[in-house]
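*Asks:* Chains as they are written, first to last, in my numbering: chain S, 1 to 238; chain C, 1 to 255; chain V, 1 to 329.
Heads up, a few of these hints could be off.
As a list, the in silico SDA-like pairs of lysine to any residue whose alpha-carbon atoms are at most 20 angstroms apart [unchecked claim]:
#1 S:K233 / S:V12
#2 C:K250 / V:R230
#3 V:K287 / V:D299
#4 V:K16 / C:R249
#5 V:K17 / V:H214
#6 C:K250 / C:I181
#7 V:K135 / C:G89
#8 V:K133 / C:S23
#9 C:K250 / V:H214
#10 V:K135 / C:S23
#11 V:K133 / C:V126
In case anyone wonders, no lab produced these hints; they're calculated from the structure.
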Amino acid sequence: MRQPAAVIAPLVFPILLLAVNSGGLKAETQLPGFPTNSFVAFALAVPFIQGALFSTMNAGTDLARDIQTGFLNRLTLTPMRRLAVLGGQLGGVIVLGLVQAVVYLAVGLAVGVRFESGPAGILVLFAFAFMVSLAFGSLGTLAALRTGSGEAVQGLFPAFFVFLFISSMNIPRNLIQVTWFRDAATANPVSYLLEAVRSLIIVGWNAEALALGFGICAVIAVIGLSLSSWALKVRMAR
Amino acid sequence: MKTLAVARGVAWRTLHNVFTNPSLLIPSIVFPLFFFTAFAGGLSRIRDVPGFDYPLGYTSFQFVFVLLQSAAFGGVFTGFGIARDFEGGFARRLLLAAPHRSGIVLGYGIAALVRWFFTATVLTVVALAVGMNVGGSGVDLVGLYVLAVIMNVAALLWACGVAMRFRTLQAGPVMQFPVFIVLFFAPVYVPLGLLRGWIHSIAVVNPVTRVVEAGRGFLAGSPTEVGFAFGAGLALVLGFSLWAFRGLRKAEAAG
Amino acid sequence: MDGPAIEAEGLVRVFKKTRAVDGIDLVVESGEIYGFLGPNGAGKSTTVHMLTTLLPPTAGTARVNGYDVVHQGPQVRSSIGAALQEAALDPLLTGREHLRLQASLQGMPHDIRRRRADELLHRVGLSEAGDRKVKTYSGGMKRRLDLALALVHSPRILFLDEPTTGLDIQSRTALWDEVGRLTRDDGVTVFLTTQYLEEADVLADRVGIIDHGHIVAEGTPDELKASVGRPTVEVVPLDAGEHERAAAIIARFGDPCGSEHGVAVRLRSSEADLAGIVRALDAENLKVEQLQLHQPSLDDVFLAKTGRSLEGAAEEEEGERGGLAMEPA
């Protein structure tokens, strides 16, 4: 949040990829069994998740910088509670995540995407954006607290990239023909996050997809926050 | 001769660093393999889209794009090295030690090529191992790899020009982003004929489209638009040569 | 080579609105060590960058080894060696690899490269560390390697830009010895920039003092010092009540001047007659706690020419340079 590039990159890159892929992969909608005839509507879920992955990097990099400059040590000398320190770090990431969601939503509506779940679905989408930012942001803070290095946090980027691409990002899982790829996408939690957002846009109300999406976010957030809190305690004790 | 000596020295040092540092070597190999896996593996059903007429199947179709992409990004990664040299001051040593400075650009170019040959070999072996079909003859395949070399050189010269103007690694996105855009505004996932709307209009005028389509033609053994593709590629090389050497002059003027 | 090793006329370099070098004229004869003395930001490095073809001059001309720095860059670079202020080394290469790379950039044949690398590593005391990566070297080792790199192709002219900044006293002395040897034994011309008075005094045959892009004084260290004044002698009597008698005795040798603890005179000639003063004090039976001869220093020269002392000027320039991002140090 402290540098314009940290705000602009997570906004611009996902939209660019959406533009490129929705043009290049439009022909995919002609495959039998493809769930919609609008590839933009299908692909609009991707920026929401991709933006959250960028947020992970931002949260982690900012916190790692605070560790490297000694600012975190100064914070820990104050009476602030550990969760308040973490909350402060994650607050910016969540705000950025919600701003991103507004922008992606606006882009989607501008290019003619209709929300099958209606206005209530949009509210649920914002709630989901909040949860995804919190979940991935907590992973970023955990990485920063464990390693104390901005470079190490940046080193996570290729791993997230792999999770994103080996998922149902560009094609529904049931249409993936290569078995190992379909299995990997099925085991990949990112597929379910994408499918939760996608269900609100192209299906309407799909309880299973939403429960899986929110559930996975909650599990990641609980694990990420608990381990971050423990890592912060270890760091404060040094 | 002195220019060649400088080029050899610069190339040796760049390659020495790449091949002795996994953090520099691995991304340039892993990323193309990853894209190949994600595109060829995940999207293979696209061959069932009505109008998809590439005879060798989707793996071969994607191999050509990923090969050309690896060539272009191989050039860009070498551009990162040039920017790093300017940022750390090593480029000043090269400028001072090299009697003939054009050899510096040539040396980086040789390094980019050798580095990409390594990546291309790994990518080709993996593609053949997972069952990529090849329809073209030896001559056709030479055509495909020469096109990739042209992409590598063009991208390197572009990145070199940027690196020498900005002289900092912070210029990385400026090197990378336009290359990414030009590559992805070509027919990446489906043949040009299946693109619709605005992206089709852009792809038609994008010179990289000709290179990608000609490359796919070479692999299939039915070369198409060869003259146009080589013409477009060589025009890019020529244009970016001027860009790179003017960048060198700007770096010299800035000291 | 006939003629001077380095000659510059009206050399100017402007960065945006700052005239970093503002009309420098200089001549460095073949085989001499020329010390370029000045505070940070005075224009020393910018001058070196122009003379070594790293930076084109905004105006003026310069010839190095007889070659024009603007139009004959390749010939200039072939005939010079340079160790710049930041020893720009690749942390991932070893010392020996650096030397081989440098030799290869100069187009030296393969077998000569290997021999030359061994020879230079030995000469700068890095034989044992030669196969270690440079990222493990200390600051002094990096400086020595940088000097070795500058000497790879046996240049006739060597540019050393603040070669001892940040070095400990042993490393500094070792480097001075090597520079002296290069000139004495190999006939190399050395153009050396420094902000250390002692370095210019000890090493240089001639010194040019630069401030705000201008050469404000030039000559041998002795000539420069003589130009600003004569030595002073300070006497501190053992008995504080003897100050007046001491002042009267030493007044025979010079003109009285200020002293914080005792009495002092500025000698009439630049040749110090210390023995005469001691004999006179002894003859008058005056017991002395301290007797000191103060020679004028190059700092006195800088003070006389610019109105500031060199160290004070360095701090002042540092402050000014905070806003000049474009200007090399």
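*Asks:* Indicate, hint by hint, whether the structure satisfies it.
*Replies:* Hint check results:
1. Among the hinted pairs, S:K233 with S:V12 is inconsistent with the structure: their alpha-carbon atoms are about 36 angstroms apart, more than 20 angstroms.
2. For the given pair, C:K250 sits about 51 angstroms from V:R230 by alpha-carbon distance, which is inconsistent with the 20 angstroms threshold.
3. Simply put, V:K287 and V:D299 have alpha-carbon atoms about 32 angstroms apart, too far for the 20 angstroms limit, and the pair is violated.
4. Distance restraint check for V:K16 and C:R249: the Cα-Cα separation of roughly 18 angstroms lies within the 20 angstroms cut-off, and the hinted pair is therefore satisfied.
5. Restraint check for V:K17 and V:H214: satisfied, since their Cα atoms lie roughly 16 angstroms apart, inside the 20 angstroms limit.
6. With a C-alpha separation of about 26 angstroms, the suggested pair C:K250 and C:I181 falls outside the 20 angstroms cut-off, and the hint is violated.
7. Taking the CA atoms of V:K135 and C:G89, the gap is about 15 angstroms. The hint holds against a cut of 20 angstroms.
8. Distance hint between V:K133 and C:S23 is fulfilled; the C-alpha atoms sit about 17 angstroms from each other, no more than 20 angstroms.
9. This hinted pair does not check out: C:K250 and V:H214 have alpha carbons roughly 27 angstroms apart, beyond 20 angstroms.
10. This hinted pair checks out: V:K135 and C:S23 have alpha carbons roughly 17 angstroms apart, not beyond 20 angstroms.
11. For a cut-off of 20 angstroms, the pair hint linking V:K133 to C:V126 is broken: about 35 angstroms separates their Cα positions.
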